[in-house]
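Engineer: Mind docking chain X on chain C? Use the hints.
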Amino acid sequence: AAGVIQSPRHLIKEKRETATLKCYPIPRHDTVYWYQQGPGQDPQFLISFYEKMQSDKGSIPDRFSAQQFSDYHSELNMSSLELGDSALYFCASSRRQGDNYGYTFGSGTRLTVV
Amino acid sequence: KNQVEQSPQSLIILEGKNCTLQCNYTVSPFSNLRWYKQDTGRGPVSLTIMTFSENTKSNGRYTATLDADTKQSSLHITASQLSDSASYICVVSSGGYNKLIFGAGTRLAVHP
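So the protein sequences, as listed, match chains C and X. For the first sequence, my numbering assigns the number 42 to the initial residue and increments by one for each residue that follows. For the second sequence, my numbering assigns the number -8 to the initial residue and increments by one for each residue that follows.
In isolation and in its complexed conformation, chain C is listed as follows (with noise of 0.2 Å):
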């Protein structure tokens, strides 16, 4: 069955550049989670989009933004980046009524920020 696609795997980027990451939902999900750990600690709830439109926000800093596209696949674009940003960044996907079983994760995109 196909799963929640996330890209790159790794990524390193310096201090101040940009970086893009992408998330592809499992077919017919149309909600898409993202969110940080840092290591040793959890999963940090970033931001929500349903039907290409947010649907929450949580602790994403005014530096990065997200969005949902047309096909429902999902971008999270991280500006002025800063070490602190180094993490493993994933993001889920459910269909907004399945909520009892339909959240699925990605293996998630590690970011390096040197």
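These are calculated hints, taken from the structure and not from any lab test. Glycine included, C-beta positions come from ideal geometry on N, C-alpha and C. Treat the hints with care, as some may be off.
To be verified - Which residues of chain X face chain C? A few of them, derived with a C-beta cut under 7 Å, are:
#1 G32
#2 R33
#3 P35
#4 F93
Structural biologist: Using the frame of chain C, we list chain X on its own:
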């Protein structure tokens, strides 16, 4: 405050042995509870998901229990394998579609 607490923080067992991981939560409203396995540097992989009315659910060598009255859950791993070495995360959904409360996880190491 919605919280999910897991114990132990870390655990070392020998291959072939069984183990039980604990999860206590104070989340309201409660929608469901999930156990995930997370390998280092990877996204969480779902093991089980349980709603309010479910007491036990199995997935191969993994068996999860839920006591909604005491707000406790456990994950029992039978006949552990080296590949079971990972973090096991308890995640509670507080209703709706956008809020997952993560436990800090239990880091399990299975030694030969």
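Engineer: All hints, please: hold or fail.
Structural biologist: Against the structure, the hints come out as follows:
Taking 7 Å as the C-beta cut-off, the interface hint given for X/G32 holds, the closest approach to chain C being about 6 Å. Residue-level restraint check for X/R33 holds (minimum Cβ-Cβ distance to chain C is 5 Å; threshold 7 Å). At its closest, the beta carbon of X/P35 sits 5 Å from a beta carbon of chain C; the interface hint therefore holds under the 7 Å criterion. Evaluation of the X/F93 hint against chain C yields a held restraint, the C-beta minimum of about 4 Å falling below 7 Å.
In summary, this structure violates none of the numbered hints.
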